[in-house]
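Chemist: Below are the chains, spelled out letter by letter.
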Amino acid sequence: MAGQTDPHVSLFSPEEVEFMAEDELVEIVPNMNMEPLNFIAGDFGRFIPQIPIQVPLWLAVALKRRGKCTFRPPGWLSVDNLTQVLEAEREPQSKFQALPFSYVEIARLLFDHARDDIPDMYMVRSLVEDIRDVRLHKLENNLGTFLGTSAVKMENVSAMEVNLVRPFARRALEAFYKHDKPEVVADRNTRSSRQPREANDEPRRPLRQR
Amino acid sequence: MYGRKGYQLVKDFASGEKGQLKPFNSKLFDETIEECRQNQRLIQSLMRKMEQEGLDVQNNRNADYYGALVHHLSLIRNKRCLMAYVHNRADIVRDLGWRVGLELLELPPEIQEKLTTLEKEYFKNHSAAIKSYMGKAGIDLNVDMVPPKDPYIKVRVVGDIDEGIVMSDKTTNFARHSMHFLKRTDAEPYIARGQMEELTG
Amino acid sequence: MASKYYDIDDILTEEEFAPVLFHKPANRVTIDPSAETNYVEQGAKVELPFWLAHELHLRQAVSINLPACFDQKTRLEIQADAACVDLRSRCPYFYEFGCKLQPLVTDRTLGILLSTAFKIRYKERLTKVFTATHLTASKFLPFLTIEETSLYEAAHLSMTAFKKWRTGGPRFQRASILGRKRKES
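Chains as they are written, first to last, in the working numbering: chain A, 3 to 212; chain B, 22 to 222; chain C, 852 to 1036.
If we strip away everything but chain A, and leave its shape as in the complex, we get (with noise of 0.2 Å):
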């Protein structure tokens, strides 16, 4: 649950989604040796000077702004595939493209912490800016197509985009749901207006493809 935030809000704040793609792993070339170091998640080196290496992002970034080391930006963080994944998103009709599940996030961190170690860092970042604004538009025309409680499929939404929508697109569908079916509904209201229940001995409405 969000912390300081408003609980009733989100269920997660932006700043626990980037918490979680903190995990990712990214490869860093470090400039001093050190011990392998031994987490619950993994053990994680032996560090020696100019072997790249695979670490969690928040490990990299650490590292980083102490000099330790620096960043190999992934492959998809470059000018070539941005312009390409940016041409492809304004498609009209077009899918989502297939990005990094947390792409905000990470490209965030490393405009953040490693600038001098993308190449043109300027132009890399409005584009992932560019490429997340289309998505948005996008996101929001879909929601757009919601018409009652169908299943709704929508392919490589990343997880920040996913968390932005997730608290309208939920109460969109409970609202959608009720709709479908004020009678269940308003039996319940009147069941439980008398006494306080215990949660959920309605019976389970399968979903429906309309």
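Some hints could be false.
Here's a subset of chain C near chain B, in silico, CB distances under 7 Å, partners left out [stated by the list, open to error]:
1. Tyr857
2. Pro870
3. Pro876
4. Glu928
Chain C residues, not near chain B, derived (Cβ > 10 Å throughout) [unchecked claim]:
5. Val880
6. Tyr890
7. Arg910
8. Asn916
9. Gln923
10. Pro1021
11. Ser1027
12. Ile1028
13. Leu1029
These are computed hints drawn from the structure, not numbers from a lab.
Bear in mind that the values here come from a model prediction, so they are computed numbers and not experimental data.
Just so it is clear, CB atoms sit at the ideal spot from N, CA and C, and this is done for glycine as well.
Given the coordinates of chain A, work out where chains B and C should sit on it, guided by the hints.
Modeler: Same frame as chain A, now just chains B and C:
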């Protein structure tokens, strides 16, 4: 109309900012209970009347029966409003413990004023339960409510803090507007209470 | 879904009034404070809050008619341009109240009215929330029902939280539960 006071009580709760406390409205609360008493008196007098007349309620539902029914339903309605008022406030009282601090006296005075004696008691007992659980589990569950980044953060004092508060690793004089470099977990409760603010950049 | 017994919005929804017709008389009941007697005649037509009307209806003591917020005029307006109708002034709990009434009234078209209105308003108004500016939205906000407003707010708040994260800045803040900051004394 019946159930009026209960409605006004719930309306009073709903008119506040979501998730924040208003002062306990004991006037409306007592008036709602009084309305329930009136309903009860009328139910009793109607019941007596029906008994005296030897009415067979199963087969002969007369005006007295429906009159009593209306008062019964109104009483139940007011009860629901009273319960909802107390219940929803209790939710916020518990939230205070998690979001601001487990010590009643550390809550800002303007918040303490909004609680009734019973709510304060509830807060203390709830806090005690959490503290005992955290003690046994050996973990502070109410820190790092935002995922942690750096162990130390820069803060500025914006409220009044008593002098000589001992942080886990040093003692400092927290004069207003002074800036400090503190352990994140030490600073967090002060920030939550609005006595310090985090500085970035 | 959790019980609605303590639900503030549910309680307020049930306070909405509906016209009823008494099939039984009721003694020592004052519905209308200006009435001279405290006796409700059989055949009396009065307005009762939903919570009372409903329970009396279950015991066949009254029958419920449609309240004014679902009248012909509103229906025509919804048919003409659902997105622009000021539903909030008609009934802040338009959909919830409608759903509660639907099984109790003879009118079979109420459910369709509600779901059509919601679908159109959802598509026209609510899904534009993420990219529209707050200013554009503030024009239609006063027309939205309570439920529509909470939908709007759900989207608006998660967008605000996202923008705040994107900009960076302090991660720790004064607990929102304490309300707005006091003026510096």
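Chemist: Please go over all the hints and tell whether each is borne out by the structure.
Modeler: Cross-check of the supplied hints:
{"no.": "1", "hint": "Tyr857", "verdict": "holds (4 Å)"}
{"no.": "2", "hint": "Pro870", "verdict": "violated (14 Å)"}
{"no.": "3", "hint": "Pro876", "verdict": "holds (4 Å)"}
{"no.": "4", "hint": "Glu928", "verdict": "violated (28 Å)"}
{"no.": "5", "hint": "Val880", "verdict": "violated (5 Å)"}
{"no.": "6", "hint": "Tyr890", "verdict": "violated (7 Å)"}
{"no.": "7", "hint": "Arg910", "verdict": "violated (7 Å)"}
{"no.": "8", "hint": "Asn916", "verdict": "holds (18 Å)"}
{"no.": "9", "hint": "Gln923", "verdict": "holds (27 Å)"}
{"no.": "10", "hint": "Pro1021", "verdict": "violated (4 Å)"}
{"no.": "11", "hint": "Ser1027", "verdict": "violated (7 Å)"}
{"no.": "12", "hint": "Ile1028", "verdict": "violated (5 Å)"}
{"no.": "13", "hint": "Leu1029", "verdict": "violated (6 Å)"}
Hint compliance for this structure: hints 2, 4, 5, 6, 7, 10, 11, 12, 13 are broken, all remaining hints hold.
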